[in-house]
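Since the structure of chain P is already known, use the hints to place chain X on it.
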Amino acid sequence: DAGVIQSPRHEVTEMGQEVTLRCKPISGHDYLFWYRQTMMRGLELLIYFNNNVPIDDSGMPEDRFSAKMPNASFSTLKIQPSEPRDSAVYFCASSLGGGGVAGELFFGEGSRLTVL
Amino acid sequence: AQSVTQLGSHVSVSEGALVLLRCNYSSSVPPYLFWYVQYPNQGLQLLLKYTTGATLVKGINGFEAEFKKSETSFHLTKPSAHMSDAAEYFCAVSPRGQKVTFGIGTKLQVIP
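From first to last, the protein sequence lines stand for chains P and X. Using the numbering used here, read the first sequence as starting at 1 and increasing by one per residue. Using the numbering used here, read the second sequence as starting at 117 and increasing by one per residue.
Next up, chain P with everything else stripped away, as it sits in the complex:
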């Protein structure tokens, strides 16, 4: 079975450019999460969706970040404009509900973003 698929795996861009990260969750999962991982702050939850609807975006650092989930099989995380401090590994994860957001999370392999 296919797991969570993220693209691109690596992205190097210059400050000020727009970055779009993509995620395909596991089929049938009704929750989707975006996390950011850095050495200094560890794993931070940015936003999560339930049945394609954003539920909690309190972790989104600022207005430069936006996320969408147009359908059950696709989500994007966009940064515009990007800054060097956005450099991190961004993970997408999905889970099957039945107990809210406490279920097992299935992670993609991550997108490593470097902003020069």
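No wet-lab data here; the hints were simulated from the structure. Hints may contain errors.
Derived, one-sided and incomplete: chain X residues facing chain P with beta-carbon distance under 8 Å [claimed, not checked]: (1) 123; (2) 124; (3) 156; (4) 158; (5) 161; (6) 162; (7) 164; (8) 215; (9) 216; (10) 218.
Just so it is clear, CB atoms sit at the ideal spot from N, CA and C, and this is done for glycine as well.
Frame of chain P; chain X shown alone:
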């Protein structure tokens, strides 16, 4: 609000020795507790979880953890370390029905 404290960002053990990774949590309601493992250049994967019932939980690859409510702890153990256990381990807490909060992670080094 909930939080997780992992004691020791780096732990080194000899191959064959006991692995003990410490995790303490705070939660205003009975929590679900998790341990995840991350191998280099990969996403996190679930090792084990505690939701209800038996407080000693067994996971994959010979790992286990015990939920101790009185100590607010959920330490991860493995009797004998293998080289393949070298990875980063994350403890996580989720007050029932709420979002998951991860600890900062502990990197485990296994020395031949």
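Given hint residue 162 (chain X) near chain P, where the shortest CB pair must fall under 8 Å: Holds, about 5 Å.
For the hint on residue 164 (chain X), does the least C-beta distance to chain P fall short of 8 Å? Violated - the Cβ of residue 164 (chain X) stays beyond 8 Å from chain P, reaching only about 10 Å at its closest.
Have a go at the residue 218 (chain X) hint: is there a Cβ in chain P nearer than 8 Å to its own Cβ? Given a least distance of 4 Å, the restraint on residue 218 (chain X) holds.
When the nearest CB of chain P is found for residue 124 (chain X), is that gap smaller than 8 Å? violated (14 Å)
Taking the least C-beta to C-beta distance, is residue 216 (chain X) closer than 8 Å to chain P? holds (6 Å)
Against chain P, with CB atoms and a cut of 8 Å, does the hint on residue 156 (chain X) hold up? Since the shortest Cβ distance to chain P is 11 Å, the answer is violated.
Residue hint residue 158 (chain X), partner chain P, criterion CB-CB below 8 Å: Where the cut-off is 8 Å and the nearest Cβ of chain P is about 6 Å from residue 158 (chain X), the hint holds.
Do the numbers back the hint for residue 161 (chain X), that is, is its least Cβ distance to chain P under 8 Å? This interface hint holds because 7 Å falls under the 8 Å limit.
Under the criterion of a CB-CB separation shorter than 8 Å, is residue 215 (chain X) in contact with chain P as hinted? For residue 215 (chain X), the interface hint holds, since the closest Cβ of chain P sits about 5 Å away, which is under 8 Å.
Quick one, is the residue 123 (chain X) hint okay against chain P at 8 Å, beta carbons? With a closest approach of 14 Å, the residue 123 (chain X) hint is violated.
Hints 1, 2, 3, 7 from the list above are not met by this structure, while the remaining hints are.
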